[in-house]
Structure formats: structure tokens, C-alpha cells
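**Student:** Once you have looked at the hints, place chain V on chain D.
The residues making up each chain are set out below.
2 protein chains.
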Amino acid sequence: MIKVSVMYPNLAGARFDHAYYRDKHMPLVKRAMGEACLFYTVDKGLSGGAPGEPAPYVGMCHIFCESVQAFQEGFGPHAREIRGDIANYTDLQPVMQFSEVVVGQP
Amino acid sequence: MIKVSVMYPNLAGARFDHAYYRDKHMPLVKRAMGEACLFYTVDKGLSGGAPGEPAPYVGMCHIFCESVQAFQEGFGPHAREIRGDIANYTDLQPVMQFSEVVVGQP
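First to last, the protein sequences are chains D and V.
Mapping to our numbering: the first sequence position 51 is 51, numbers consecutive.
Mapping to our numbering: the second sequence position 100 is 100, numbers consecutive.
Misleading hints may appear alongside valid ones.
Copies of the same chain look alike in the list, so a pair counts if it works inside one copy or between any two.
The calculated lysine to aspartate or glutamate pairs, modelled on EDC-like cross-linking and capped at a C-alpha distance of 20 Å, are [what the hints assert, rightly or not]: (1) 24 with 53; (2) 44 with 66; (3) 44 with 100; (4) 24 with 66; (5) 30 with 53; (6) 24 with 100; (7) 44 with 81; (8) 24 with 73; (9) 24 with 35; (10) 44 with 91.
FYI, nobody ran anything at the bench for these hints, they're computed from the structure.
One chain only, chain D, in its complex shape (with noise of 0.2 Å):
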């Protein structure tokens, strides 16, 4: 299994908007990738290693699948339709990451 993360730098003065991340935005995206995606996960930002220091991002996603072919196929023919969402929740240009899942949930 891996795992794409999209990772929004905690800038400031930038724009993020939770709410509809959470309710609109990535629903929208297992929507459009149906099976493709197995799951997804939401994480916010709290702070980073020290308390007080802030979190090096505001939020993040990670859309879990069998491969990296499996979400190429499975969101490459709605990538017009999901980053055209974006500015409806961010400004921030994100940080994205494949990775391979070599530990889940277990």
C-alpha cells in the first residue's frame, strides 16, 4: 500500500479554511477516485515538537491506495476537477510526498 500526503505549510498570514477541507474538499476527492482511493486521512496542525513552536503544517491529507499507478489512474482523470476546489479552502501551495506504507494501522 503507499500513500500520497499533501502537506499545507503553516505560513503566516495564509488562508485555510478546516471546515470545508474536511466536509467539502475530501469528500470530494474519494468521490472522484472512488475505489482508487481506500481510504483517506485528515490530520490539523496543533504545534511542533516544542510546546508554543508552531506546526511546520496547517493540514494535511493522505490518500491511501494499492500503488502508485492505482491513484495516478484514479485521480488523474479528475485532477482539473479537484485543484480547481483548492482556492475554495487554501492560498498555500502544498507539499506532497508517495510514500510506501512499510508499517498501518494495525
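**Tutor:** Same frame as chain D, now just chain V:
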């Protein structure tokens, strides 16, 4: 539920032993923290958002706990032992983040 993400930047020339991290270090963290660590996951970086682009992080773990306080109480007494093991798998300094789990794995 919260998660503590420990993310190792993918720097050229750095050392990261994925097998040791999976087989020795993360089980040590779980043993030391006991029930305070509900579970953990481990990722291995494959690529960035574009094919062939390097992954931002070579490896990551995510430690899931009931609360930030539960993490601190579980990790604090063992911090020296856990940190003392880091040199066995890497010479990298991790980026750390505490996040609220807004949407967890179904």
C-alpha cells in the same frame, strides 16, 4: 486523538537505515511508551508529487495517542533512551509535528 509525526528530511548524503527503524527503533518506542502509544505507523519516502522528484522526507513515523498530555507522559520518562537509539539508524535531524486527527482510518 492526536498524532505525533517525526519526519526525516531527504538530504543528499545522509544515512537512514529503514530496516533498523522498522524492526528495532519503532518497537523500542512502543515498548517504552506502553499503552500511551495506541499504535504507530511508518512510511518510507518514494517520490515527491511529480514522478522522479525526490521525496521531501526519506522516512516518517506517526505515533497516535489519546492526547498531547498522554504522549508527553508516555514519552517523557523514556526520552533519553529513545533519543539515544537515533544514531543507530540516522544522522538526520527530524522535523516534528503534533496534529489533531480530524479524520482517522475507517
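**Student:** Next step is simple, just say for each hint if it's right about the structure.
**Tutor:** Status of the hints after comparison with the structure:
no.	hint	verdict
1	24 with 53	neither (29 Å within a copy, 29 Å between copies)
2	44 with 66	between (25 Å within a copy, 15 Å between copies)
3	44 with 100	between (22 Å within a copy, 5 Å between copies)
4	24 with 66	neither (24 Å within a copy, 26 Å between copies)
5	30 with 53	neither (33 Å within a copy, 25 Å between copies)
6	24 with 100	between (27 Å within a copy, 18 Å between copies)
7	44 with 81	neither (24 Å within a copy, 29 Å between copies)
8	24 with 73	neither (22 Å within a copy, 36 Å between copies)
9	24 with 35	within (18 Å within a copy, 34 Å between copies)
10	44 with 91	within (16 Å within a copy, 29 Å between copies)
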